[in-house]
Amino acid sequence: MGNPFGSEITSDILLDDIGFLDDWETRYRYIIDLGKRLPEMSESLKIPETLLGGCQSQVWIVPHFENATRTLTFEVDSDAFIVKGLLAMVMAAYNQKTPEQILQFDIEHYFAETGLLRHLSPTRGNGLKSMVKRIQGVAKENS
Amino acid sequence: MARVDTSTSMGTNLSASAPLDESELNALREQFPTLQQSVHGKPLIYFDNAATTQKPRAVIDALQQYYCNDNSNVHRGAHLLADRATQGFEEARIALAKYLNAEAAEQIIWTRGTTESINLVAQTWGRSQLSKGDEILVSAMEHHANIVPWQLLCEATGALLKVIPVSGDGELDLEVYANLLTRRPKLVAITHVSNALGTINPVKQLTEQAHAAGATVLIDGAQAMPHWQVDVQDIGCDFYAFSGHKMFGPTGIGALYGKRRLLEAMPPWHGGGEMIARVSFEKTTYNELPYKFEAGTPHIAGVIGLGAAVQWLNAQNREAFCRHEDSLLAYAHAQADDFKGITRIGRARHKAGVLSFLLNQSHPQDVGTLLDQQGIAVRTGHHCAMPIMDQYRIPGTVRASFAFYNTHQEVDALFRALHKVVSFL
Chain A
1 MGNPFGSEIT SDILLDDIGF LDDWETRYRY IIDLGKRLPE MSESLKIPET LLGGCQSQVW
61 IVPHFENATR TLTFEVDSDA FIVKGLLAMV MAAYNQKTPE QILQFDIEHY FAETGLLRHL
121 SPTRGNGLKS MVKRIQGVAK ENS
Chain B
144 MARVDTSTSM GTNLSASAPL DESELNALRE QFPTLQQSVH GKPLIYFDNA ATTQKPRAVI
204 DALQQYYCND NSNVHRGAHL LADRATQGFE EARIALAKYL NAEAAEQIIW TRGTTESINL
264 VAQTWGRSQL SKGDEILVSA MEHHANIVPW QLLCEATGAL LKVIPVSGDG ELDLEVYANL
324 LTRRPKLVAI THVSNALGTI NPVKQLTEQA HAAGATVLID GAQAMPHWQV DVQDIGCDFY
384 AFSGHKMFGP TGIGALYGKR RLLEAMPPWH GGGEMIARVS FEKTTYNELP YKFEAGTPHI
444 AGVIGLGAAV QWLNAQNREA FCRHEDSLLA YAHAQADDFK GITRIGRARH KAGVLSFLLN
504 QSHPQDVGTL LDQQGIAVRT GHHCAMPIMD QYRIPGTVRA SFAFYNTHQE VDALFRALHK
564 VVSFL
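As you go down the protein sequences, you meet chains A and B in turn. Counting in this note's numbering, the first sequence runs from 1 upward without gaps. Counting in this note's numbering, the second sequence runs from 144 upward without gaps.
All clues given are correct.
With a cut-off of at most 27 Å between alpha-carbon atoms, the simulated DSS-like pairs for lysine-lysine come out as follows: (1) A:K36 / B:K483; (2) B:K563 / B:K483; (3) B:K329 / B:K275; (4) B:K563 / A:K36; (5) B:K402 / B:K241; (6) B:K347 / B:K241.
Everything labelled a hint here was simulated from the structure, so no lab data went into it.
Please put together the full structure from these sequences, using the hints given.
As structure tokens, then:
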């Protein structure tokens, strides 16, 4: 499908890149640009069933499980640029991974390393926390 | 101190007094410890005052004094600490009653805040007075706290909720209001100042009209109290609800003002200690006002802190504060109108303290996050006023809300920061 997240763009590469960005401006520009590299989600998939509730920004997620490779892939989108960038960071860690790999991955540590941990807080209302929970739930169902 | 005519913009009809000069403003800001900090390495610019205001040292000291020296339960102990706590507690009620020009201190009921005050009226006055088919009028610009309690009441009683429309500029449609009043509603519940738009409603006039139509009137004063001294008798309303934390006092404490005959006729709501005269398993009789509505150990520290806030406000030059706030808002409006890509939401003629806006097609949350990185605290979203956001077909706004301790330089910094935000999005 040509989705580079989880293959060409990995969590390790992002951690490396972000480590070099020492001021907030370059960091946020990087995150916003990252979001723009997510494959476009078809508007027809943006329905109430794929929308994560309770968020100030809208976040959509559609998971797919491939039996042959036992990998999970996700289509995600948000109407807010920064949230979309943060979703892209999540995708670098979770996309094209097995349920076991997803469940083993320490997402809190990952966000802490990038200095963006506070965005994972449920009080931000940005849907990132619900997104992570949703993905972990899907991984559990398929593990 | 001259009271501001609440039917017009604050600052008008005031005798000429100079706004705050720089040294007065600096001295004022120094009394607010929270303002003396940096966030993300930049000096904090706090523009989220409509969500909650910062506290002057006098309020923080009063809380500390209470917990370090006077902590005790009120109205019951046979000892000195209980006397001191009770005295502080009741003196705060008297101070607040005077501040609001209420007829008597016992017409001030302590609650957790505006939301609880409105729920109290809905659950006691409402349940005892309304029946199937009775109408309640609210406006389209209400905060959820002045919508949902009435919806619950309607579900319980069969009463009907009717809505006074709001114009594209954010003003009440007074013609439709007059028409709705001909249906003889039992209650009119309207906000004094809109939290999402900043509109100041002409509550005195609205109350007069409602009374002429035989309706009881509740005013949600949460967003008016931070800006000027409210006179409940001048407005003439039957109930006035507000929160301490929005008027420089502690969180978790607020009050309901009510007309005595209504409060006396209302049944109690929460049952427990303090609110009773005598309890037996055969029959329990209830305490008098205000204790009938204050079951359980109250938020004593909060009351004392709110009393300190009132005392502190009384010692300030509120006329100068009003002029300063008017000047800040006008300055912010002018800059917003000159800023390419900003759409102001809420353009009422009379406004208090709120600049609500959209920036190009940007999501308010993105704007808020990028302002936060630059040290500027704003609120983004629907501001708990979803119906008015729906009417304007927007998911929310960015809201910068001002208090008297904000400066013109901070407003400049906001617009500089917004230029940077544009470069991101």
